[in-house]
Amino acid sequence: METSDPAAIRRFFQRAEVTDIDVCRVLNSILRVKSQQRQEARASCCSIIKAKKMAEERREITLRRFDLSDLDDYMVWASDDRVTAFCRWDSYTDKEDLRRYMRETVLPHPWFRAVCLGGRPIGAVSVELGAGCDRCKGELGYALAAAHWGRGHATAAVKMAVRSVFREVEGLERVEALVDVDNKASQRVLEKAGFAREGVLRKSTVLKGRTRDLVMFSLISTDALVD
Amino acid sequence: MGVGAKEEDREEKRTVPEITLRPFTISDVDDFMTWATDDRVMRFSRRPTCTTKDECLTHMKDHIMPHPWCRAICIDDDGRPVGLVSVMPAPGADVHRASIGFDVAYDYWGRGVATAAVKKAASAVFEEWPLLERLDAVAEVNNTASRRVLEKAGFRREAVLKSYLVLRGESKDMIMYSLLSANSVVR
Numbered sequence: 001m002e003t004s005d006p007a008a009i010r011r012f013f014q015r016a017e018v019t020d021i022d023v024c025r026v027l028n029s030i031l032r033v034k035s036q037q038r039q040e041a042r043a044s045c046c047s048i049i050k051a052k053k054m055a056e057e058r059r060e061i062t063l064r065r066f067d068l069s070d071l072d073d074y075m076v077w078a079s080d081d082r083v084t085a086f087c088r089w090d091s092y093t094d095k096e097d098l099r100r101y102m103r104e105t106v107l108p109h110p111w112f113r114a115v116c117l118g119g120r121p122i123g124a125v126s127v128e129l130g131a132g133c134d135r136c137k138g139e140l141g142y143a144l145a146a147a148h149w150g151r152g153h154a155t156a157a158v159k160m161a162v163r164s165v166f167r168e169v170e171g172l173e174r175v176e177a178l179v180d181v182d183n184k185a186s187q188r189v190l191e192k193a194g195f196a197r198e199g200v201l202r203k204s205t206v207l208k209g210r211t212r213d214l215v216m217f218s219l220i221s222t223d224a225l226v227d
Numbered sequence: 001m002g003v004g005a006k007e008e009d010r011e012e013k014r015t016v017p018e019i020t021l022r023p024f025t026i027s028d029v030d031d032f033m034t035w036a037t038d039d040r041v042m043r044f045s046r047r048p049t050c051t052t053k054d055e056c057l058t059h060m061k062d063h064i065m066p067h068p069w070c071r072a073i074c075i076d077d078d079g080r081p082v083g084l085v086s087v088m089p090a091p092g093a094d095v096h097r098a099s100i101g102f103d104v105a106y107d108y109w110g111r112g113v114a115t116a117a118v119k120k121a122a123s124a125v126f127e128e129w130p131l132l133e134r135l136d137a138v139a140e141v142n143n144t145a146s147r148r149v150l151e152k153a154g155f156r157r158e159a160v161l162k163s164y165l166v167l168r169g170e171s172k173d174m175i176m177y178s179l180l181s182a183n184s185v186v187r
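Protein chains in written order, with full-length UniProt numbering: chain C, 1 to 227; chain V, 1 to 187.
Accuracy of the hints is not assured; some may be wrong.
What the hints assert, rightly or not - Taking lysine to any residue pairs in the SDA-like style, the calculated list, with each CA pair at most 25 Å apart, reads:
#: 1; chain 1: C; residue 1: 203; chain 2: V; residue 2: 93
#: 2; chain 1: C; residue 1: 95; chain 2: C; residue 2: 118
#: 3; chain 1: C; residue 1: 203; chain 2: V; residue 2: 70
Since the hints were derived computationally from the structure, they do not count as laboratory data. Since the structure is predicted, the reported quantities are computational estimates derived from the model, not experimental observations.
Model the full assembly from the supplied sequences, consistent with the hints where possible.
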């Protein structure tokens, strides 16, 4: 990042998940410029990093990319039948299988984020992006550890994810989510996040060996997010 | 289609076409060109309208011949294709689901050809693929001709999906229709 403009630096930090590597990189580019601007830039950085740290201490939800070191935290919800009841995948029983999934799918994924509470992962949110005729849409998926259900964390994570993905992905106009007709909790998450219920797609998926009806929800980039 | 709904129903009662479905051969290219190069037929399609015979041959070789289930719609005894109906299984392991699409040459519109072809294709795939439970199709909100075909063939409208597909350079609202094996008419 080649800039000393405090406003640009502020935007950079607000957009990106702040890590120590980001801080070093930005401060290195700041050092190339005049000392007065450097001071302003550094002050901007510090205030934003402080705000993020305070959010973590207040135990607010943040999103960041996964790392293999998150394996144990990931295993907590990925091995829980309550969490995977409405997932097309089965609960993990072997940590090595999950490690392989993280390495092969999660880490290189175009849009996959850890849902963190106080900086530690308690769930995951992802958007499968389309190509060709499907390039205007992405499919949302999310999972949250059962111990943290019922506190609005999934709704917060979904709102943040949708805001980010619309900003980051060129040409994305629609984020959709397909939810089992019996998964009332997940339907409420999407309604609270401002998604519109479009209809029921009959027998459109197979879940644990049975064909199921799914409710289609969508959020269009021009719709206002419920805040 | 250029025909109003009532007129179409009257015509159908007079002349319900006897159609047959058969696989394409590369020698069908000239008949295929009749509708594949016609903007009136192709304007709602995901594929661009072909302009040359070479493009049509390429499309037939690359997409039609290797397609899992693609049939020429033939009427009259000379067996020449007047359209196409295809059923594409869902991606991945979802063998219970497939999507249907169709094109009919403009001169044959208004006679129930597409409706008859869709009904026949649906029966055929439900029988050939015993694990198939859902056949679906999306049509643009403005594509009233295709929407009527699906409705007359017994498909149920499930939802309006906003900004669902990019067609002709813009995202379009599409209507999702489906036919379940449990509800389909077995011939």
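Verification of the supplied hints:
Our distance criterion of 25 Å between C-alpha atoms is met by residue 203 (chain C) and residue 93 (chain V), whose separation comes to about 14 Å. Our distance criterion of 25 Å between C-alpha atoms is met by residue 95 (chain C) and residue 118 (chain C), whose separation comes to about 24 Å. Between residue 203 (chain C) and residue 70 (chain V) the CA atoms are separated by roughly 23 Å; this keeps the pair inside 25 Å, and the hint holds.
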